[in-house]
Each structure stands twice: as C-alpha cells, then as structure tokens.
Amino acid sequence: AKHHDGFCLWPNPVSAHCSKDVDVLRELSDACREEGLKFGVYISPWDRNDHAYGTPAYNERYAETLRSVHGGAYGPIFEHWFDGACGEGPNGKRQDYDWPLFHRTVGELQPDAVQFSDVGPGCRWVGNENGVAGETNWSTLNAHGYTPGAGAPPVRSLTEGDEHGAAWIPAEADVSIRPGWFWRASEDDRLKSVDELMDIYYSSVGRNAVLLLNVPADTRGKIPAADSLRLMEFRARRDSVFARNLARRVRVPAGRRLLDGTFDSHAVLRARTFEIDIQDSEPFNLLLLQEYIPLGQRISSFMVEAWDGGADSARSEGGWTEIARGTTVGYKRILRLPPTTASRLRITITDALAVPILSEVGVYREL
Numbered sequence: 091a092k093h094h095d096g097f098c099l100w101p102n103p104v105s106a107h108c109s110k111d112v113d114v115l116r117e118l119s120d121a122c123r124e125e126g127l128k129f130g131v132y133i134s135p136w137d138r139n140d141h142a143y144g145t146p147a148y149n150e151r152y153a154e155t156l157r158s159v160h161g162g163a164y165g166p167i168f169e170h171w172f173d174g175a176c177g178e179g180p181n182g183k184r185q186d187y188d189w190p191l192f193h194r195t196v197g198e199l200q201p202d203a204v205q206f207s208d209v210g211p212g213c214r215w216v217g218n219e220n221g222v223a224g225e226t227n228w229s230t231l232n233a234h235g236y237t238p239g240a241g242a243p244p245v246r247s248l249t250e251g252d253e254h255g256a257a258w259i260p261a262e263a264d265v266s267i268r269p270g271w272f273w274r275a276s277e278d279d280r281l282k283s284v285d286e287l288m289d290i291y292y293s294s295v296g297r298n299a300v301l302l303l304n305v306p307a308d309t310r311g312k313i314p315a316a317d318s319l320r321l322m323e324f325r326a327r328r329d330s331v332f333a334r335n336l337a338r339r340v341r342v343p344a345g346r347r348l349l350d351g352t353f354d355s356h357a358v359l360r361a362r363t364f365e366i367d368i369q370d371s372e373p374f375n376l377l378l379l380q381e382y383i384p385l386g387q388r389i390s391s392f393m394v395e396a397w398d399g400g401a402d403s404a405r406s407e408g409g410w411t412e413i414a415r416g417t418t419v420g421y422k423r424i425l426r427l428p429p430t431t432a433s434r435l436r437i438t439i440t441d442a443l444a445v446p447i448l449s450e451v452g453v454y455r456e457l
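Numbering (my numbering), first residue to last: 91 to 457.
Derived from the structure by calculation, the hints contain no laboratory data.
These numbers come from a predicted model, not from an experiment.
The beta carbon of each residue, even a glycine, is placed where N, CA and C say it ideally should be.
One thing to keep in mind: the hints can contain errors.
Claimed, not checked - Here are the simulated lysine-lysine pairs, DSS-like style, with alpha carbons at most 25 Å apart: (1) Lys312 to Lys282; (2) Lys128 to Lys422; (3) Lys312 to Lys110; (4) Lys128 to Lys312; (5) Lys282 to Lys110.
What the hints assert, rightly or not - Here are the simulated distance ranges between beta carbons: (6) Leu385 to Val114: 23 to 31 Å; (7) Gly161 to Arg310: 28 to 36 Å; (8) Glu178 to Thr237: 16 to 24 Å.
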C-alpha cells in the first residue's frame, strides 16, 4: 500500500503524495472479499517523501496513516506487514520509530490482524529473503529488548526461533517469484522454476514457517500471464505430490486420527516410538509430521528408521535401518528422505519439551 518512496495507493488524508482519484486499496479489498481471500497490507514506515520524516512529529503522522487504513474503511485486515527499513544512507534522514505506538494503533483497530515484523507480535521475519527457514525452527521467540529493523534479534533467532522463547511468534518466510520484488520487463524470462518453488515450499512450509511468495503486478496492475501460469504449475505439482498418503496405519492409540486429514483431531504419544505401515510397500521419499499446535510445539528432535527385515519377520532391532534425523516439527515438518522402499517406518521422538501430540502423519513420493 505504501513503500519507501512514500506514495500511498489510497487517498491518505495525511499525505498529498497519494492516489486521490482511484482507491486501489478499496478495489483490492473488495475483490478479495468477492473471491473469499483474506486481505493484508504492507505500509512501510520509511517515507522518503514526507517532510516530517526524521523528526518526532513523523511518528504521529505515520500512526494517522495506519488509522486511515485500519479504521474500518477496508473491512477486516488479516495481516499487517511492518518493514524495519529506516534512513537514506550514512548522511540521510533517520527516524526513531515509536514501535509501541504503531503496534498499539493496529492492535486497537484490527485486533485480529497478524502483525509481522522482526519481533512480531504476530509473526516474525525469518531472517532472509530466500524463503528458507531453519532446519530447526521454533515458533517461540524471546523478543523482549528487541525492535524491528536495526534493533532486531540475531539472525539465528529469527531463522530458528528460541526453544524456550517467551512469546509465540512463528516465522514467515518471504521470497519473490522473480529476482526482484517489483515487476520489470527485463525479468519476464527469469521466473523461478517449479522445481525451485517446490524446494522453497519444503524449506519454508516444510520447516514450520508460513510462506509469503511475492508475485508483483505489472504496470497495468495485473499479474503477468507467465507468472500466473507458473503459480498454477506450482500448485499442480504440489497437489500431485500430496494427493495420496502412502501411510496405511499408524500404530499408536487413536492412530486413525493421524490419517484423517483433520487438523482438529490428534493422538498423544506417551510411548515416544511408533510405527507407520506403508501401502503395499510402495517407494517413497517424503515424511510429513504435524504437531497439534493448540497445545504447543513440543518436539525437539526425532529419528526415522525403515524396516528391511521382510514382511513376515519379527520386529527385531536388526531389521531396522536409520534413514534420517530431524529436529523440530511444529505445525508442519516435511522431511525429504532418501528414496526408500519398505513395508513400514519407525519414528522415535528423541527429545521433546513435553509429551508429544501429533495431529497428522503422511508418507509421500515426490515425482
């Protein structure tokens, strides 16, 4: 809605540097509602046009800008993206942002909006713009004493979270489908491939993060046809990979709940080792685990073993071969495995903060 140049895509009563005749936010928010999509906004606090930028007065001007968007004119807003950018180089203006004022303003007007920044409070930046979360990724963070931008937590904390973090601030991994964030005709043939997008999916969603995939509009205000086609190809590949769960049975009490595709059902793993029977011993190379997040993120590490002792053999330790290890699970962990053919898997939770509780288990074959 507003980037660092300061131009506002709506009639902002605080700024003359705005779209006065066409309310792009109105058109976009209306279109989102018509299509059943949730509506979010990015409003950069850095403003290279506002005369007050670099002075205490700017903070209230920016808060008033937030009020003009979040005050109800555009309906419910699902997410507000706070960029921590500040200043115009070593000799440029810099602003001492009043972050408590900004977060409070959005929170009071849109209490259900997820506020994104380096320290949340709704979700956090993952520490890079490659769409990659840490192999270990806790949804908790110790944010006290930190601020967005220059005062952000260490990159490792942003990428991995903090195991004993005081606040629930999950990671959001942002990346663009193009080399840059904005549309350029020179980049029309430089879209990320479907394989690259799948790698990003496994490295973000598959590591307990939310994926924000940027798809820039062109100078017509439209998504270019090539970008749209690539999105549909990506969706088709993802749907194809996860269309058929090869897990036939999970050998835990209430194990059927882990195969019902319903997040609200779950099973408690009082014994921290369980087996998964595979459909017809079909080959596979992906393991999906989901924790029951309403009761918190608990699993710190786990081990995966494949049974190679024969279908009728006793379950002796000699029949199991370790094929992978993982750390955190969280809302979703998709672990890429070596190509494997086995009648069953054994998962051992090797470390956890409390009794593990899963909501879903899946075994898949990546085409």
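Here is what the structure says about each hint:
Only pairs whose Cα atoms come within 25 Å are accepted, and Lys312 paired with Lys282 is accepted, the gap being roughly 19 Å. Only pairs whose Cα atoms come within 25 Å are accepted, and Lys128 paired with Lys422 is accepted, the gap being roughly 21 Å. Restraint check for Lys312 and Lys110: the C-alpha separation of about 20 Å stays at or below 25 Å, so the hint holds. Between Lys128 and Lys312, the direct Cα distance comes to roughly 18 Å. Compliance with the 25 Å bound is thereby established for this hinted pair.
A threshold of 25 Å between alpha carbons decides the hint, and for Lys282 with Lys110 the separation of about 36 Å lies outside it, so the pair is violated. The hint said 23 to 31 Å for the Cβ distance between Leu385 and Val114, and at roughly 41 Å that hint is violated. A C-beta distance of roughly 30 Å is found between Gly161 and Arg310, which places it inside the suggested range of 28 to 36 Å. A C-beta distance of roughly 19 Å is found between Glu178 and Thr237, which places it inside the suggested range of 16 to 24 Å.
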